[in-house]
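> Chain B: place on chain A using the hints.
2 protein chains.
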Amino acid sequence: MKLSLNQKILSRNEEYAQKNRAFFAKHKVLCLNVISSPGAGKTTTLARTIRDMKDTLTIGVIEGDIKTDTDAQKIRAAGAEAVQIETKGACHLSAEQVHGVLKSIHADTKDVVFIENVGNLVCPSAFDLGEHKRVVILSIPEGDDKPVKYPGTFAGADVVLVNKIDLSDYIEFNLQRVLADICAVNPDAQIYQVSAATGEGMDAWYDWLCQQRQQITE
Amino acid sequence: MKLSLNQKILSRNEEYAQKNRAFFAKHKVLCLNVISSPGAGKTTTLARTIRDMKDTLTIGVIEGDIKTDTDAQKIRAAGAEAVQIETKGACHLSAEQVHGVLKSIHADTKDVVFIENVGNLVCPSAFDLGEHKRVVILSIPEGDDKPVKYPGTFAGADVVLVNKIDLSDYIEFNLQRVLADICAVNPDAQIYQVSAATGEGMDAWYDWLCQQRQQITE
Chain A
1 MKLSLNQKIL SRNEEYAQKN RAFFAKHKVL CLNVISSPGA GKTTTLARTI RDMKDTLTIG
61 VIEGDIKTDT DAQKIRAAGA EAVQIETKGA CHLSAEQVHG VLKSIHADTK DVVFIENVGN
121 LVCPSAFDLG EHKRVVILSI PEGDDKPVKY PGTFAGADVV LVNKIDLSDY IEFNLQRVLA
181 DICAVNPDAQ IYQVSAATGE GMDAWYDWLC QQRQQITE
Chain B
219 MKLSLNQKIL SRNEEYAQKN RAFFAKHKVL CLNVISSPGA GKTTTLARTI RDMKDTLTIG
279 VIEGDIKTDT DAQKIRAAGA EAVQIETKGA CHLSAEQVHG VLKSIHADTK DVVFIENVGN
339 LVCPSAFDLG EHKRVVILSI PEGDDKPVKY PGTFAGADVV LVNKIDLSDY IEFNLQRVLA
399 DICAVNPDAQ IYQVSAATGE GMDAWYDWLC QQRQQITE
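First to last, the protein sequences are chains A and B. Counting in the numbering used here, the first sequence runs from 1 upward without gaps. Counting in the numbering used here, the second sequence runs from 219 upward without gaps.
One chain only, chain A, in its complex shape:
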């Protein structure tokens, strides 16, 4: 019974993920699903990206949180349209929730739509939202053991941003171990070392973003 219910939930999610995928394909909108632990820097990364890329890309953001719309407010302050989904306790966004808010941020008019998932390194990775690519953010203070402890999430990443490198001098963190452990579960992942707070290393991430956007419009 448990399996069949899980299958039903996942099948309903997949149905809406396909609808979202068709929407993004039709309107040539690059969609990225951003996943991390609470406080790894998802919103700060997106806010800086919006500010730095404002002359190059039109960006919209779908924000997921258990409660509050503070992240959507931060994104709007950075200059992009944003909509907040409050999951009221749920530990991840669903494709259906995403589908329900596409119009409200005029997603069809954007070059890139980011979906900032609920802060959680486990549950969001099981739910396809219809995105083109998945971005996982790992911050230095979380420790260098996270890729081996949460292999499913890192296996599903197209890009990993190792964030908060400005704190490297104050925190023990074995970067070589992290690179090797991500490679072991996901040899194709692109990995960039960044500080969304200071801007260090962000250019490589922006280049990747523009390449992805380019690819879907060709």
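You can take every hint at face value.
Below are the DSS-like pairs computed for lysine-lysine, each with C-alpha atoms no more than 30 Å apart in a straight line: (1) A/Lys88 - A/Lys67; (2) A/Lys19 - A/Lys103; (3) B/Lys237 - B/Lys292; (4) A/Lys67 - A/Lys19; (5) B/Lys244 - B/Lys351; (6) A/Lys103 - A/Lys8; (7) B/Lys292 - B/Lys321; (8) B/Lys272 - B/Lys351; (9) A/Lys133 - A/Lys19; (10) B/Lys285 - A/Lys67; (11) A/Lys133 - B/Lys306; (12) A/Lys19 - A/Lys8; (13) A/Lys67 - B/Lys351; (14) B/Lys285 - A/Lys8; (15) B/Lys306 - B/Lys237; (16) B/Lys226 - A/Lys67; (17) B/Lys244 - B/Lys321; (18) B/Lys226 - B/Lys321; (19) A/Lys88 - B/Lys285; (20) B/Lys306 - A/Lys88; (21) B/Lys246 - B/Lys321; (22) A/Lys133 - A/Lys54; (23) B/Lys292 - B/Lys351; (24) B/Lys226 - A/Lys88; (25) A/Lys54 - A/Lys67; (26) A/Lys26 - A/Lys133; (27) A/Lys133 - B/Lys285; (28) A/Lys8 - B/Lys306; (29) A/Lys67 - B/Lys306; (30) B/Lys351 - A/Lys88; (31) B/Lys226 - A/Lys8; (32) B/Lys321 - B/Lys306; (33) A/Lys8 - A/Lys67; (34) B/Lys226 - B/Lys351; (35) B/Lys292 - B/Lys306.
It should be emphasised that the hints constitute simulated quantities derived from the structure, not laboratory data.
Only chain B this time, still in chain A's reference frame:
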């Protein structure tokens, strides 16, 4: 159908939580369920507690992780018996899983058993493991908005350890806001500011721990 299945899962969990509660009561063992985001410092906090309190309390630890037994190894290196539960993808520990390993760490002979839950600020808070008290750890680098964004977890805490205060000089963090936001959802929570890395502030936490242990043996 969804509700009744959830109720069935929770009811089975509650059945085992009651068994665990009876076990801990019978053997006068204080049981604490430790919840936090990935990388907030659960294992470091427990390892330091074990080392600092080795002449005062006999401690055992049940470790929960999606994958790897590295945390159990760290706890053993600190001098306590530990057992690792690999949840193989599940985002929280269940009371049944805890029940299954009580014998292997000779839990009946301990003064305190810590259950280190899977790193996740959402799901573990919905599952009673039969513990006496719940400890939530929030680390400075995660940001001061976590209590408002994850109110359920903070509402269920008996103690909140605000960890990594040694990084306060390098990270913007409004402690007054955190104290107020925790108080708003949970006025009875004890809050201690600590650094498990340096040992700063840990004495107040140890005092609380000894008081709790005292209370259940009276």
